[in-house]
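Going line by line, the protein sequences match chains Y and G. So for the first sequence, this note's numbering puts the first residue at 5; every next one is plus one. So for the second sequence, this note's numbering puts the first residue at 5; every next one is plus one.
No wet-lab data here; the hints were simulated from the structure. Where hints are given, some of them may not hold.
For chains that are exact copies, the list does not tell them apart, and a pair is met inside one copy or across any two.
To be verified - Keeping only pairs whose Cα atoms sit at most 27 Å apart, straight-line, the calculated DSS-like set for lysine-lysine is:
1. LYS261 - LYS178
2. LYS350 - LYS286
3. LYS178 - LYS258
4. LYS344 - LYS261
5. LYS124 - LYS344
6. LYS343 - LYS286
7. LYS286 - LYS258
8. LYS178 - LYS343
This structure is a prediction, so every number in the text was calculated from the model and none was measured.
There are 2 protein chains.
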Amino acid sequence: MSNPASITPVILSGGSGTRLWPLSRSARPKQFLDFAGDGTMLEQTLARTAGQAGYGAPLIVCGATHACLIPEDGLGKNATLILEPCARNTAPAIALAASALPQEALMLVMPSDHVIANQKAFLDAVAAAAPLAQAGWFITFGVMPTGPETGYGYIRRGESIAEGIFRVDRFVEKPDSATAQGYLDAGGYSWNAGIFLFSAGAYLGTLERFAPDMAQSARAAMGQAAREGRQIMPDADAFAASPSDSIDYAVMEKADKVAVVPVDMGWSDIGSWDALHDLLGKDAHNNAHVGEIVNVDGSGNLVFSDGPLVTVSGVSDLLVIATGDAVMILPRGSSQDVKKIVEQLKARQHPSL
Amino acid sequence: MSNPASITPVILSGGSGTRLWPLSRSARPKQFLDFAGDGTMLEQTLARTAGQAGYGAPLIVCGATHACLIPEDGLGKNATLILEPCARNTAPAIALAASALPQEALMLVMPSDHVIANQKAFLDAVAAAAPLAQAGWFITFGVMPTGPETGYGYIRRGESIAEGIFRVDRFVEKPDSATAQGYLDAGGYSWNAGIFLFSAGAYLGTLERFAPDMAQSARAAMGQAAREGRQIMPDADAFAASPSDSIDYAVMEKADKVAVVPVDMGWSDIGSWDALHDLLGKDAHNNAHVGEIVNVDGSGNLVFSDGPLVTVSGVSDLLVIATGDAVMILPRGSSQDVKKIVEQLKARQHPSL
Numbered sequence: 005m006s007n008p009a010s011i012t013p014v015i016l017s018g019g020s021g022t023r024l025w026p027l028s029r030s031a032r033p034k035q036f037l038d039f040a041g042d043g044t045m046l047e048q049t050l051a052r053t054a055g056q057a058g059y060g061a062p063l064i065v066c067g068a069t070h071a072c073l074i075p076e077d078g079l080g081k082n083a084t085l086i087l088e089p090c091a092r093n094t095a096p097a098i099a100l101a102a103s104a105l106p107q108e109a110l111m112l113v114m115p116s117d118h119v120i121a122n123q124k125a126f127l128d129a130v131a132a133a134a135p136l137a138q139a140g141w142f143i144t145f146g147v148m149p150t151g152p153e154t155g156y157g158y159i160r161r162g163e164s165i166a167e168g169i170f171r172v173d174r175f176v177e178k179p180d181s182a183t184a185q186g187y188l189d190a191g192g193y194s195w196n197a198g199i200f201l202f203s204a205g206a207y208l209g210t211l212e213r214f215a216p217d218m219a220q221s222a223r224a225a226m227g228q229a230a231r232e233g234r235q236i237m238p239d240a241d242a243f244a245a246s247p248s249d250s251i252d253y254a255v256m257e258k259a260d261k262v263a264v265v266p267v268d269m270g271w272s273d274i275g276s277w278d279a280l281h282d283l284l285g286k287d288a289h290n291n292a293h294v295g296e297i298v299n300v301d302g303s304g305n306l307v308f309s310d311g312p313l314v315t316v317s318g319v320s321d322l323l324v325i326a327t328g329d330a331v332m333i334l335p336r337g338s339s340q341d342v343k344k345i346v347e348q349l350k351a352r353q354h355p356s357l
Numbered sequence: 005m006s007n008p009a010s011i012t013p014v015i016l017s018g019g020s021g022t023r024l025w026p027l028s029r030s031a032r033p034k035q036f037l038d039f040a041g042d043g044t045m046l047e048q049t050l051a052r053t054a055g056q057a058g059y060g061a062p063l064i065v066c067g068a069t070h071a072c073l074i075p076e077d078g079l080g081k082n083a084t085l086i087l088e089p090c091a092r093n094t095a096p097a098i099a100l101a102a103s104a105l106p107q108e109a110l111m112l113v114m115p116s117d118h119v120i121a122n123q124k125a126f127l128d129a130v131a132a133a134a135p136l137a138q139a140g141w142f143i144t145f146g147v148m149p150t151g152p153e154t155g156y157g158y159i160r161r162g163e164s165i166a167e168g169i170f171r172v173d174r175f176v177e178k179p180d181s182a183t184a185q186g187y188l189d190a191g192g193y194s195w196n197a198g199i200f201l202f203s204a205g206a207y208l209g210t211l212e213r214f215a216p217d218m219a220q221s222a223r224a225a226m227g228q229a230a231r232e233g234r235q236i237m238p239d240a241d242a243f244a245a246s247p248s249d250s251i252d253y254a255v256m257e258k259a260d261k262v263a264v265v266p267v268d269m270g271w272s273d274i275g276s277w278d279a280l281h282d283l284l285g286k287d288a289h290n291n292a293h294v295g296e297i298v299n300v301d302g303s304g305n306l307v308f309s310d311g312p313l314v315t316v317s318g319v320s321d322l323l324v325i326a327t328g329d330a331v332m333i334l335p336r337g338s339s340q341d342v343k344k345i346v347e348q349l350k351a352r353q354h355p356s357l
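Please construct the entire structure, taking both the sequences and the accompanying hints into account.
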């Protein structure tokens, strides 16, 4: 369980989802939002390992347009930023980070927009897996499923290879609801949360073997990178030449030694407004309020404002999201309909996206 | 039916109601709002008589803080403004206007924030009543009740004194619902809309008799008034000394010769958000939209914005009102609950009032 090697937190901050519209925008994706007054998702991700023994300074891989959103002081103080010249999905992004590190460095790859409520459980799992990662294994931290979710990939565990660590039997795509329930009934499945631990050398070696063009592009882009202060700017042409693929397809499903560590760590990706209602503290009538809210005789609502005063009276089970220039109202449980709204706005080329 | 005398439209613009919060504010009451893109309520009131034969230039009695909201061109071009130094209810406000006019002038007193869809019916009723007003009668234009409303006073008509004109039998206070239904069943009742026609001399004479302090204050305030361009500023101390009372109590219920002209003129005071839903055009699913609205699979909603984009999806029978700094959501049919919300905000001394 000892953890002598330094682990580099590698934070992927390239996302630009619209599932939390109207709060998340292309100019301010979810990782830069503060949902409950305890820091942005990115800051919470940085805080997870900041000051912990055995961890080095963080590497943040992000889009060039978002660099200014990453704090230069506080939790962002000792971060190095790798600015993606264009989006090529996660495998090339991680290859850039791996190329900036010594072969033997362990990389703890984390999305920048997830909640992990139980930090200790998470860090204990990383510490437990570190010796295997040093030995060339790819570790994925699996989330205990809390329901038959259809929005996540699942990981089926195989034989035990150490206490609490299992060889991955297989990765499975986002299932339909019945299949997901089958996984839960069968047991032995975790959600794939996109949180990984491996050495830089193992990653680049595996990429070289299964996706040599990608490895070559990352190497070339970093070889010709410009540096300015804390920022590394990989060569745009070299990186643009890279195939686009996820780490799951390009590496995790192909590598030889892949293990899963199931962890019960209070994880959420806040993938929807419904998920945020679940996550936030509620009053006695199951209302969650963020911002300046007046709620008269309402129950079961999420009322969220990052600007205007929002008053609701006598309404139940609504998601009400208000920003300075857009307001959205949906029944709770239907937050997937945000997609429909965003599609309508895209068709109009609406500036609120 | 001839109407030889010039009639002065006297528009009372002193209101500052909160029933249409968050759109109406103390700094911008209902009469200065444009609900459907066809001008503010005040402009619609001015338009009612503008350019009509027999009508003179309008007199607008308003609070000093709202003078700047009254247009200096267009419909407001030839208006004279009497700026109330303080609020003393309608009877003293009308006394100021009467003091500015010749004794024989007819005053058509109108609130500034009502809708009258059938202009012709209204003007015909005024023309029919003008000879009686010249003969010293007080005329009130009664609205045909469309339901057992409890928010209005009722007028019971007595004997017919000319075609379509009746002596007022009595004014009755806002009734409860059962009483209101009784009035409807009995017939012979109109709503009191606060629209009056009488001569300046008859008004001041009656006031002198039943409320001499009020008549004296108005006379003194106008005698010492300052004038600047189109504005008349009555003396503040003299007007502040006036008792405060409504024209209904101070004059209409006391005068000898009081008649009602029931008119079916498409009247609404837009006294609530529900009333606005009734009034506006609706789509095939009974939705009324004002502003930039996206409505997916919703029905029976009023969605009103004077700024932000508002998107609703899968919700029914809601009132959704959005301004740049406040959003309100209520079930349709419960717009009286705006009061509860405004009370909560008053208790917090909230700036959005």
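Worksheet item: Within a copy, between copies, both or neither: where do LYS124 and LYS344 come within 27 Å Cα-Cα?
Response: Neither: 39 Å inside a chain and 46 Å across chains, both beyond 27 Å.
Worksheet entry | Identical-chain pair category, LYS261 with LYS178, by Cα at 27 Å | within (23 Å within a copy, 82 Å between copies)
Worksheet item: Between LYS350 and LYS286, at a C-alpha cutoff of 27 Å, which is it: within one copy, between copies, both, or neither?
Response: between (33 Å within a copy, 25 Å between copies)
Worksheet item: Quick one: LYS286 to LYS258, C-alpha cut-off 27 Å, is that within a copy, between copies, both, or neither?
Response: neither (44 Å within a copy, 58 Å between copies)
Practice prompt. At 27 Å max between alpha carbons, let me know whether LYS178 reaches LYS343 within a copy, between copies, both or neither.
Written response: within (18 Å within a copy, 49 Å between copies)
Worksheet item: What label fits LYS344 with LYS261 when the C-alpha limit is 27 Å: within, between, both, or neither?
Response: neither (41 Å within a copy, 64 Å between copies)
Item to complete: Check LYS343 against LYS286 for me: Cα-Cα at most 27 Å, and say if that holds within a copy, between copies, both or neither.
Response: both (26 Å within a copy, 26 Å between copies)
Discussion item. Treating 27 Å as the Cα threshold, decide for LYS178 and LYS258: within, between, both or neither.
Written reply: within (18 Å within a copy, 80 Å between copies)
Of the numbered hints stated above, those contradicted by the structure are hints 4, 5 and 7, listed in ascending order.
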